[in-house]
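Enquirer: Take a look at the letters that make up each chain.
Number of protein chains: 2
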Amino acid sequence: MSKVKIIGESIPNMPWQDRPQGLVNATIWRYSNNPIIKRNPIKNVARIFNSAVMYYGKDGIEYIGVFRGERLNGLPYIYLGRSKDGIQWTFDPDGIQFVDEKGKMFLPDSPFDPRLVRIDDTWYIIWCHMFYGSAIGMAKTTDFKTFTRMENPFLPYNRNAVLFPRKVNGKYLMLSRPSDTTHTRFGDIFISESPDLVYWGKHRLVMRKGSNWWEDTKIGGGPAPIETSEGWLLIYHGVQNSCSGFVYSMGGAILDIDNPSIVKYRSDSFVFTPEELYETTGNTDNVTFPCAALCDAPTGRIAIYYGAADTYVALAFTEIDILVDFIKEHNVLSASDTGLGM
Amino acid sequence: MSKVKIIGESIPNMPWQDRPQGLVNATIWRYSNNPIIKRNPIKNVARIFNSAVMYYGKDGIEYIGVFRGERLNGLPYIYLGRSKDGIQWTFDPDGIQFVDEKGKMFLPDSPFDPRLVRIDDTWYIIWCHMFYGSAIGMAKTTDFKTFTRMENPFLPYNRNAVLFPRKVNGKYLMLSRPSDTTHTRFGDIFISESPDLVYWGKHRLVMRKGSNWWEDTKIGGGPAPIETSEGWLLIYHGVQNSCSGFVYSMGGAILDIDNPSIVKYRSDSFVFTPEELYETTGNTDNVTFPCAALCDAPTGRIAIYYGAADTYVALAFTEIDILVDFIKEHNVLSASDTGLGM
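Taken in sequence, the protein lines are chains A and B.
Just so we're on the same page, the working numbering is the position in the first sequence counted from 1, plus 10.
Just so we're on the same page, the working numbering is the position in the second sequence counted from 1, plus 10.
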């Protein structure tokens, strides 16, 4: 039994490995057989990375996911995948065919970095696509057969949006990271609310990029926030602008459960950083980019899916108590963290 | 009687001068006694520019306006001004004191470039301020005594927002120009809708920056769109990135009356560009930045208020037929203009 409670479902057959003995700095530890998705996973798709999976547990499907596939023509698209164990994945050979609300085909332009969130009986895919520049796109499905495209929640330019897995104070909430038209060299995480997932407002700052080098260029949301007895656990990415390019590490923070624009705890140290060859070398070196987390509430186990070097999908594990203890132990808050962000 | 009808009020004593004889390229002509607001207009305010005025016509006030004052400490703020003739202005010595919806003081951080729009009996001020970067702020008033700050409509980073002066298809509409954190070197005009002025969505592109040099860096909305029998007349600013800095000219376009994300006509040539010394030289050289237009519907006369060189407020005139004829004569549309901008 964990000290900190995850408020969520039980996933008894979740991918898992215990923390190896003798590791130094292992707040989050890698799956021993990483990466789990390697180059050329689908015909006409060169690489899959930055992808999101969830537990499904019906219709003979244990795990389901939305995957960023980089096609041979260099353009990204979103592919559907299914798995029995969360590790071995089979993919639909064609990208997801979205329709608009009238049932007419509506293909987003170059969608990438999808997140997957379930609220009640509906599954939402949130991604970044080209809307005269990078912007957030969304679709919903109840059966993973029909995917209905929804309105873009925000104006360009924006990236790394992720919905909260339930309404808070009667409103849908979404994190996002306002950006610009290029390889953005700034970026803070904001929160917005909506009564209907069509119109959005009451935007507040959640947290700014950090003063610590590993996150001093920009930050962005990762997996959907995880509801716990301590607040919303946020695993996010932080970016350093090194002299040979960006380095993407993972950070950890805990947001107030009723007013998540307030940060309760935020680690000044990364919780995970590129170390292995499949993270430090690839199409884009030095990227560990978390997009999904499976959580088994009874045991407190967490399996994090992350893109590695814009080339692979990899898997890492932690336990809620280990991660929360680390965040609290390294907690440093600024005024912009603890404020309402008005 | 003009060919093109302005759908709006009559302002019989509106500032006006006929077009001088013998001018070449005078689609819009300057007031002979420009600039109308000169340096050091208020104690502790060094310059007023980029400001918006409207006809008021009651309580002994003919014209009222919201003015960008640049204080001696270099920070901008919004000041209220009143005028009998639209030319000579008197200002409240202190900036506008905004309150939040509970009546508590709420001062926006460094607000600048206000626009002023009346919808029914409420007057809205829309400006740009610092919300962890440039973002759009709003307030409303019914009496120009109490100014109630409203929610920021959009996430950062954004500038040059302007409300439409009436609902279209039952929704409020706002133009804006998504930006970045610096002297943005890109920028297109988008439109967003809202049921309640709190939550915004259904964002569409209106028009991209142009291929013509005078607007090939970025564009942004100017005065509130003017309703005419041809559609919504949009006077906007277009920016060239010259080798010695930005140059701000004015462009003209006409948007579909029921679906203003569609551009019907757009002039490939500027309608106004910095020429006079008070436009080409000042705190920021070569800026003509339109923020307001008074229109007398019966005669079709238009008086444009524009910021000059980030230093002065100046005034210029045109007639609806002259401006619309010029826009149609120089009309060049692209696919992004004529589309729905989905």
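Calculated from the structure, these hints are not laboratory results.
Among the clues, some could well be false.
Which copy? The list can't say, so a pair holds if one copy fits it or any two copies do.
To be verified - Listed below are the simulated SDA-like cross-link pairs for lysine to any residue, each with C-alpha atoms no more than 25 Å apart in a straight line:
1. Lys150 to Met352
2. Lys181 to Asn43
3. Lys177 to Tyr66
4. Lys94 to Ser344
5. Lys112 to Leu287
6. Lys150 to Asn50
7. Lys94 to Thr191
8. Lys94 to Ile129
Enquirer: It remains to establish, for every hint, whether it holds in the given structure.
Expert: Hints versus structure:
| no. | hint | in the structure |
| --- | --- | --- |
| 1 | Lys150 to Met352 | between (30 Å within a copy, 18 Å between copies) |
| 2 | Lys181 to Asn43 | neither (41 Å within a copy, 54 Å between copies) |
| 3 | Lys177 to Tyr66 | within (21 Å within a copy, 44 Å between copies) |
| 4 | Lys94 to Ser344 | neither (43 Å within a copy, 50 Å between copies) |
| 5 | Lys112 to Leu287 | neither (47 Å within a copy, 56 Å between copies) |
| 6 | Lys150 to Asn50 | neither (28 Å within a copy, 56 Å between copies) |
| 7 | Lys94 to Thr191 | neither (39 Å within a copy, 46 Å between copies) |
| 8 | Lys94 to Ile129 | within (23 Å within a copy, 58 Å between copies) |
Violated hints, in rising order: 2, 4, 5, 6, 7; the structure is consistent with all others.
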